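Asks: Chains G and X, in that order, give the protein sequences. Our numbering numbers the first residue of the first sequence as 1 and each following residue consecutively. Our numbering numbers the first residue of the second sequence as 1 and each following residue consecutively.
The set of hints was computed from the structure by calculation and includes no laboratory data. The model shown is predicted, which means the values in this text are computed figures rather than measured ones. Yeah, the Cβ is synthetic: ideal placement off N, Cα and C, and Gly gets one too. Where hints are given, some of them may not hold.
Derived pair list, reagent style DSSO-like, types lysine-lysine, alpha-carbon separation capped at 30 Å [to be verified]:
no. : chain 1 : residue 1 : chain 2 : residue 2
1   : X       : Lys7      : X       : Lys327
2   : G       : Lys67     : X       : Lys303
3   : G       : Lys320    : X       : Lys303
4   : X       : Lys72     : X       : Lys57
5   : G       : Lys2      : X       : Lys327
6   : G       : Lys67     : X       : Lys327
7   : X       : Lys7      : X       : Lys303
8   : X       : Lys233    : G       : Lys2
9   : X       : Lys125    : X       : Lys57
10  : X       : Lys233    : X       : Lys21
11  : G       : Lys206    : X       : Lys327
12  : X       : Lys233    : X       : Lys327
13  : X       : Lys72     : X       : Lys7
14  : G       : Lys320    : X       : Lys7
15  : X       : Lys149    : X       : Lys7
16  : X       : Lys72     : G       : Lys206
17  : X       : Lys327    : X       : Lys303
18  : X       : Lys125    : X       : Lys149
19  : X       : Lys21     : X       : Lys149
20  : X       : Lys72     : X       : Lys149
21  : X       : Lys149    : X       : Lys57
Anything over 10 Å on all C-beta distances counts as not near chain G; from chain X, calculated [to be verified]:
no. : residue
22  : Glu16
23  : Leu47
24  : Arg115
25  : Ile141
26  : Arg152
27  : Gly318
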Amino acid sequence: MKLRTQNPPHIRSRESNLTMMTDIVIATLPLYAMAVYYYGTRALLLGGFGVIVSSLADGACQLLAGKIPNIRDLSGAVTGLLIPLLLPASAGYSMILLAALFGIAVAKQPFGGMGQNIFNPAAAGTAFAMICWPKSAFAYPIPFERLPAMVDDTVRLVSSPAYSLSLGGTPNIDLLDMLLGNVPGPMGGTNILVLLTCLIFLIVRKTVGLAMPAAFLGGASLVALLTPRVDAPALTAVAYELMSGLLVIGAVFLINDPVTSPKRTLPKIFYGFGTGALSVAFRHIGRYEESFLFALLVMNATVWIIDVWGEHLAHAMRRKNREFKTNPPVSEPAEQDVGAAQK
Amino acid sequence: MRSYPRKGILLEQNKEPGLSKEIRILPALPVERSELPGPVSSTPDLLAPYEIVSIAKEANIVDEIDGRRLWKKLAQAARESVSGIVVDALDDEPYISSQLAPTLQFPEQLHQGLRLALRAIGASKSSIEIYRNLFDLDTRIPSSIMGVKVDRISGSYPAESYARRRMQRNSTLVVGACALLFLQRAVYEGLRQTSAFVTVTGDCVANPGNYEVPLGVSAGALLEAVGLITNPKRVVAGGSMTGFSLTDPSTVYLSQTTRGLLAFAEEFQDMGYACLGCGRCTEACPQGLSPYFIYKVMQSHRKHHIELADADLCIGCGSCSYVCPAKLDLAQVMAQAAAYTHRRQTSGGQP
Numbered sequence: 001m002k003l004r005t006q007n008p009p010h011i012r013s014r015e016s017n018l019t020m021m022t023d024i025v026i027a028t029l030p031l032y033a034m035a036v037y038y039y040g041t042r043a044l045l046l047g048g049f050g051v052i053v054s055s056l057a058d059g060a061c062q063l064l065a066g067k068i069p070n071i072r073d074l075s076g077a078v079t080g081l082l083i084p085l086l087l088p089a090s091a092g093y094s095m096i097l098l099a100a101l102f103g104i105a106v107a108k109q110p111f112g113g114m115g116q117n118i119f120n121p122a123a124a125g126t127a128f129a130m131i132c133w134p135k136s137a138f139a140y141p142i143p144f145e146r147l148p149a150m151v152d153d154t155v156r157l158v159s160s161p162a163y164s165l166s167l168g169g170t171p172n173i174d175l176l177d178m179l180l181g182n183v184p185g186p187m188g189g190t191n192i193l194v195l196l197t198c199l200i201f202l203i204v205r206k207t208v209g210l211a212m213p214a215a216f217l218g219g220a221s222l223v224a225l226l227t228p229r230v231d232a233p234a235l236t237a238v239a240y241e242l243m244s245g246l247l248v249i250g251a252v253f254l255i256n257d258p259v260t261s262p263k264r265t266l267p268k269i270f271y272g273f274g275t276g277a278l279s280v281a282f283r284h285i286g287r288y289e290e291s292f293l294f295a296l297l298v299m300n301a302t303v304w305i306i307d308v309w310g311e312h313l314a315h316a317m318r319r320k321n322r323e324f325k326t327n328p329p330v331s332e333p334a335e336q337d338v339g340a341a342q343k
Numbered sequence: 001m002r003s004y005p006r007k008g009i010l011l012e013q014n015k016e017p018g019l020s021k022e023i024r025i026l027p028a029l030p031v032e033r034s035e036l037p038g039p040v041s042s043t044p045d046l047l048a049p050y051e052i053v054s055i056a057k058e059a060n061i062v063d064e065i066d067g068r069r070l071w072k073k074l075a076q077a078a079r080e081s082v083s084g085i086v087v088d089a090l091d092d093e094p095y096i097s098s099q100l101a102p103t104l105q106f107p108e109q110l111h112q113g114l115r116l117a118l119r120a121i122g123a124s125k126s127s128i129e130i131y132r133n134l135f136d137l138d139t140r141i142p143s144s145i146m147g148v149k150v151d152r153i154s155g156s157y158p159a160e161s162y163a164r165r166r167m168q169r170n171s172t173l174v175v176g177a178c179a180l181l182f183l184q185r186a187v188y189e190g191l192r193q194t195s196a197f198v199t200v201t202g203d204c205v206a207n208p209g210n211y212e213v214p215l216g217v218s219a220g221a222l223l224e225a226v227g228l229i230t231n232p233k234r235v236v237a238g239g240s241m242t243g244f245s246l247t248d249p250s251t252v253y254l255s256q257t258t259r260g261l262l263a264f265a266e267e268f269q270d271m272g273y274a275c276l277g278c279g280r281c282t283e284a285c286p287q288g289l290s291p292y293f294i295y296k297v298m299q300s301h302r303k304h305h306i307e308l309a310d311a312d313l314c315i316g317c318g319s320c321s322y323v324c325p326a327k328l329d330l331a332q333v334m335a336q337a338a339a340y341t342h343r344r345q346t347s348g349g350q351p
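If we strip away everything but chain G, and leave its shape as in the complex, we get (with noise of 0.2 Å):
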């Protein structure tokens, strides 16, 4: 009999990458149901369009890395699946492919694909597509008003609410109706409600953990309440900041990336609290209405650093613990003969 041997464990668990890129395409699907009973079945095209493309643009530079494609890890996927909830429902068809194709084939394939990519590839490609067409990248439909399948001259497009604080002024915008989505805004951005549902799931799935959403929405909450857009209560001009814009759909889905975010407790505080900071202070100073994307942009860069940084941290934290220091591995003590021992 000849077998095949394998270094231990000889047990696995039974997460694997696809089990928890599954997990994400499920959280998008509600995402897409809400975007389907809002804005019609157009929303269920450009998501498809956008699974499409960057899947095979993935499979496509993995071929051109002279690599075997391998799209069964969903991650192209979800990509694709991504970029269409960040932009408007009435986002054309070449936004998300441009969208889509940066994404894969600019930020992430060059860098060695799969979890070598420094940038998430979801918000590089939308953050190209806003430059690239900042006028229709924020106009959007209006909820209840069915999108014909091509976005042509009559579709009535409005601003969204994050316009407005932009300005300097209160939406007239009831909150209630932000909380479920029933306001003009990204396809998959509105719906708060979902979107924190959705953020459970993720938590109780154990596919993402709960510190980097709470510091990222607890740093855009200070900074919120620190430098005030709107003549407003405290409170209600920190639930307007937090409900417009990307901040919401950011912290369940771009936010906890697995590979462009840090790895450690600490660390990952540090990241979602400052990608939460600078996005609300982006907004004060950036030209553009919604700066999340470019905000975490930013700090993707610096993921590294701050990973070394918790790894200078913990091994300091090491040498403190006297665990360490008084008991060093335990090693073999010295044998020696019965005699001595039976005096």
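Place chain X on chain G using the hints.
Replies: Only chain X this time, still in chain G's reference frame:
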């Protein structure tokens, strides 16, 4: 109730149906009786410490937890005047119950063996340690066995190596439960250790359970004797987390420290996943290391960071490999990194 590693992982234990079955001797592999020279003491309670130690030496008893001879451990403990004995019946690795089953099924013999060992080292305190996170058991773990307190160790895998290390700090002697059973047999019945308790289980095994097996039997012969449903693709000697997988079971022979023999029908398939950077290994590592960081550093050219990561503190528990969703062989990488760190430190910074 004590809890050892603050981190670590919770594992499905899969100890049933092996644990609740009686420990059997296989008819195909009978255990030979090998009697010690000289008469059996009629008053074992009156033996002097050195007599117990020399009986343990004659009987060739090996402690199954670390492979050291029992008499050497007892003699050393007597010299260092340790305060007590902790009986190790932890069995925190899934599938394996070769210490727990004898503890539960031969409590009287274990108690007698424990009393002998205590007298041999001149100590009085004793307790039995059993892992607590066993959810799939039909039998209940008692709170004391023959008047000896049972410490139920909660916490995640790997509880055992932490328990052992803490014991050594508190100057207590840790002895495996099976070694004490064999000590009892040597003193009360005058028998050498010619067998070992082995858990034989896995999804290929027709009749999983704990068996008393003569030493020196090959793993293949043991599997044949227990019975296989299908031909196994993987055979593992030892625990499911730290054991060795065998290329040819018929050429590997059981020793006193072989606590389990597992036969699985499925091979692992390489799905070609890449590291996602999810950080689960960092969360799981009981030593507080970051296998992710070490993996990245070992892959890259920035190897000066390896000093930061303290890879030499790795205890080889395999938790990182277990949780990895990309199914990377992180435990292997950790071992390589530990060796690399060691080379770097001994050669003054340059490997």
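Asks: Compare the structure with the hints numbered earlier in the document and write down the numbers of the violated ones, lowest to highest.
Replies: Failing hints, ascending: 13, 16, 27.
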